[in-house]
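> With chain A held as given, fit chains B, C and D onto it using these hints.
As given, the protein sequences belong to chains A, B, C and D, one line each in that order. In this text, residue positions in the first sequence follow the numbering used here: the first is 60, and each later residue adds one. In this text, residue positions in the second sequence follow the numbering used here: the first is 60, and each later residue adds one. In this text, residue positions in the third sequence follow the numbering used here: the first is 60, and each later residue adds one. In this text, residue positions in the fourth sequence follow the numbering used here: the first is 60, and each later residue adds one.
Among the hints, a few may not be true.
In this list, chains with the same sequence are indistinguishable; a pair is considered to hold if it fits within one copy or across any two.
[Stated by the list, open to error] The list that follows gives simulated cross-link-like pairs (lysine-lysine, BS3-like), each with its CA atoms no further than 27 Å apart:
#1 LYS129 x LYS204
#2 LYS261 x LYS129
#3 LYS204 x LYS153
#4 LYS119 x LYS335
#5 LYS119 x LYS261
#6 LYS119 x LYS153
#7 LYS204 x LYS261
#8 LYS335 x LYS261
#9 LYS335 x LYS129
#10 LYS119 x LYS204
No wet-lab data here; the hints were simulated from the structure. Small disclaimer: the values here were computed from a predicted structure and weren't measured.
4 protein chains.
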Amino acid sequence: MVVVMQEGATEAQTEAVIRRLVEMGFTVHRSTGVRHTVLGGVGPMDDFDPVALEVMDGVKEAHRIVSPYKLASRHFRPGGTTVRIGNVEIGGHKLVAMAGPCSVETEEQIEASAEIVASAGAQVIRGGAFKPRSSPYSFQGLGEKGLRILRAAASRNGLLVVSEVMDQVQIPLLTEYADILQVGARNMQNFNLLRELGNLRKPILLKRGIAATIEELLLSAEYILSGGNYQVILCERGIRTFETSTRNTMDIAAIPVLRRLTHLPVIADPSHGTGKRDYVVPMARAAVAAGADGLLVEVHPDPDHAFSDGAQTLSPDQFTDMMEQVRAIAAAVGRAA
Amino acid sequence: MVVVMQEGATEAQTEAVIRRLVEMGFTVHRSTGVRHTVLGGVGPMDDFDPVALEVMDGVKEAHRIVSPYKLASRHFRPGGTTVRIGNVEIGGHKLVAMAGPCSVETEEQIEASAEIVASAGAQVIRGGAFKPRSSPYSFQGLGEKGLRILRAAASRNGLLVVSEVMDQVQIPLLTEYADILQVGARNMQNFNLLRELGNLRKPILLKRGIAATIEELLLSAEYILSGGNYQVILCERGIRTFETSTRNTMDIAAIPVLRRLTHLPVIADPSHGTGKRDYVVPMARAAVAAGADGLLVEVHPDPDHAFSDGAQTLSPDQFTDMMEQVRAIAAAVGRAA
Amino acid sequence: MVVVMQEGATEAQTEAVIRRLVEMGFTVHRSTGVRHTVLGGVGPMDDFDPVALEVMDGVKEAHRIVSPYKLASRHFRPGGTTVRIGNVEIGGHKLVAMAGPCSVETEEQIEASAEIVASAGAQVIRGGAFKPRSSPYSFQGLGEKGLRILRAAASRNGLLVVSEVMDQVQIPLLTEYADILQVGARNMQNFNLLRELGNLRKPILLKRGIAATIEELLLSAEYILSGGNYQVILCERGIRTFETSTRNTMDIAAIPVLRRLTHLPVIADPSHGTGKRDYVVPMARAAVAAGADGLLVEVHPDPDHAFSDGAQTLSPDQFTDMMEQVRAIAAAVGRAA
Amino acid sequence: MVVVMQEGATEAQTEAVIRRLVEMGFTVHRSTGVRHTVLGGVGPMDDFDPVALEVMDGVKEAHRIVSPYKLASRHFRPGGTTVRIGNVEIGGHKLVAMAGPCSVETEEQIEASAEIVASAGAQVIRGGAFKPRSSPYSFQGLGEKGLRILRAAASRNGLLVVSEVMDQVQIPLLTEYADILQVGARNMQNFNLLRELGNLRKPILLKRGIAATIEELLLSAEYILSGGNYQVILCERGIRTFETSTRNTMDIAAIPVLRRLTHLPVIADPSHGTGKRDYVVPMARAAVAAGADGLLVEVHPDPDHAFSDGAQTLSPDQFTDMMEQVRAIAAAVGRAA
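Pulled out of the complex, with its shape left as it was, chain A reads as follows (with noise of 0.2 Å):
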């Protein structure tokens, strides 16, 4: 913790201060300056909200110098995260491919989608049973029937499934089904959900909330890893700003400064980070240039009469046609897709 004192602090606003730190378990470094003390605690409460001592008297501003997260950052695995399921890596050399409709809808739509999605050389259908939907007249899954169906017609292709989990209580129903458990950006500071998937040893897929900061990302990704499940994929997705071209702004940047603070591996989703299918390949090339370790896209085998989220949805050609610029932009920045 560093505290800087107002010019003309008073010696017993000061002292105050390094009262209240040493209450806290705090030791005190103070340094005198011309127009402003500062005081610098050491000591082991690194969640201790900074903005507490900023309201004390004579107290111009404080900063919290450790990370709120410890697990989840570079520092505790310098070498990176890899996360393996079966011969699939995440995180590895080679980039790891999502893709699949928005929502399960029918037996023949998910086979269709399973084949366009093998064939074009992905690794992993995803496919909503549950959806998180805005307006409560809206399509809301096929729940436990739609895992059923995304399961077998992805074990029919040799491929993984990734399903979104909203609560706690859908747990066990998409560990049985899926082999990645995806958080959504809503419920990305759903703290009961995240310390439950803490608890399982199955990889998880986070991703960011649209107001999300990177380091609240990280604090999440923590409750997971607190529990000792260390197999977790982040994932960038698109922020909300005042620009509305597109339905949210990717935040491509988050990329490379993931890899900095992070160990874990970052996938992007240009689908939901545009809500456009006519910026969803430029963007998924972007993302991969900026260093991503893999994508999650939609794909639908018509997209126009999908249920949920068609306009951001590529056809089977546009899909097809985006891996093929995706790995010539992987083997750019000397990678395989």
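Frame of chain A, contents of chains B, C and D only:
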């Protein structure tokens, strides 16, 4: 649905859009101008995503013309909704004040808080028994024990209880101890939770998410209303912007906007809205001046030693002073407090 | 400057940072903790960019400990600044109201506006002669003719004039006709303009840019103050966020934050802050309740036929009503209006 | 113009809107649905503000159906614009690289920079002679002397010059020394400056403001184009969001969005886009992968001692490496660099 075709869109493109709309159940009116053709679609599919039309060839833009929420709209109950609990009315002539510590910590702390809250003239005590914390290493709440403490102190002091429900699993517990169940900002789009709350017949305090638009807040209210639970109170508590002087940017204008769009009562939380106790009182005044039906504020017998959110928590004297100031503002806008 | 070294930073890295700080003229205090070394640098370079240290090897983070503005800080004039023009005081006990149409259109329109403004009890008439318009095809203002019209109507009605200066070239003209020169939101960081205004001895109304932090607003004020012109009035007029129900999101909390950080008077513009006339009155009340020293509001004899900004412009009756409501709020916060 | 009437709007209200539209010169088509009446207005007033209709009684919403910009739209020149200066083409098959220090400091620094820039294969040297700085106490640039130094070094090394014009007063000077005049982000809506630049016949590099939408960027370009100057190059350089890990959030998706909406070339500035040199190279790759026509990058012979923006400035080796990596990405997307 209104679809505007691009300048130079072909007849075939326009007809494809018309076919699509008709297929979706819309009746289509066509207006041909000098530069643009405009299609007006009237139909039953209120939640149809206009972006799905915008990605069709030749389409310039598409707009939905019906609000995606119905039960939450002002049109549904032009006279407004008053939530009544015992002899407390929320949304009536008299403002309601809900106050108390961020977290339930000890019996003594809650008893002291209840006395402060009641003697300053507030009607509801708040206090979290389950705490959503960004860091897994922060204090997570006392759970049921906390609720029991809160209920006992409230009853002794003639107060109602509002407390946060983080998860559908916690609903039975909260229902037992609290008069109003609070849905926190992070759970505003936890749709499974909202749906379950719609099945209750208990007042729900729904806080706006930090990245939620006003429309999304009303859609989340719609989830609860569509289950038959009409006792929903909305709460503005700040949104996330680029400004860092305050924890969030309180969107005071949301208060008159909501008054226009919905019949539901609207309260404001200047504690979370600002994050610093020095700004709580002026923002409480501003919220009431803008037309809020009440306030939700953090107060603690000893805020500097609060387990959580101390920086934004008022001391007993500050709270009493706030209540007086708010009463003056309430009178100035023709209300009681 | 406070520099926090990374966990595991080498002695050589720490010494390189110390050398860099000393080279920049800082005196360095070193605190070594269990996990982190903290360097406190005290020195004369207040505008040194801390990011330049953050990119050095082994550095975790760096913070500036001195505000980059001095003359604008509350510390410089703890008692606050009152801008006096004739017998109008801005920043004193009595609120000031500045009102008038967005653009000067015709002599009749301005004469009618001046009568409305004066008879409702406002002190200053506003009106743009040079209009910054997003589109080159929109009405761009009457120029000098507009200023002449405005001045004449103001004098006949005992009002002061505030009008926007878009460019340093326009300064002489504005100085001739206006009592207060307004710097619009888009020009808040037009540093050449600010510097020239610092050489005047005339009051400047400086509006916050839609993406400007409060610190940046104060730095822009510092440009004017550092030229010796101390008559600066700040204006909160909304920032750009993701919310689209209102044209901008009015940051009402900026009012108490500025009151704490600076001695300069602060007024609020609910017309640009909301963009819709229905929300102007409640937001005017909120701004005064939060502590604003005055208001800047758009009013027009016939707002539906205004050349610009009609949607956010009050009718004469609405304006008179607003003035009455604001007077009630002013009284409730212990001020006159 | 499309106007949607509220459910339950009266015939009188609908007729008032129709009268208003007709008065404005629109031809009106009326569609009456079960719940809503929709009015389609076709007319000449492309810059009419739809909000002026939204505030009328009974109106639910109003939308403009014509882009407010014309000359900047892709429709105006479907084949795209190439800006040619000598044998450099911006917007052609080959990417263009513009690089150099933030500020012109000394002759030696610029000569060294020019050699680095030229030998790594870039075509244009950048360098500021007039510096817009947030603080009045920061280095403000060498002025004309700086331009002379820049021009001389460029000529000796076969490079073009791009430099910022902060003000219409500086246009003659910049025109004399620079090949491309840069409009900085803070001046993107300095309409007087834009209008004057429209009268030149010199290439203009127009940077997006940190809070500017893509539509506003195109409207600012329209100011220049409408004066007859068609040599406009757009530049994405990051927008302001809540994320603080990077100085700005680079909106990489703006690149494909602009490619669709406009015929003008688009380049990207990853130095200002990220603010930290470690992220410049991955973001340069991402921008090119997304389809940018070129890059604007800061490089300095000794970035740690740069007078400004050192933290985001590449060293000579980093720049050379970046150029190589960018060439690989360019090849992967079918372009030369």
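> What hints, given by number in increasing order, does this structure fail?
1, 3, 5, 6, 8 and 10
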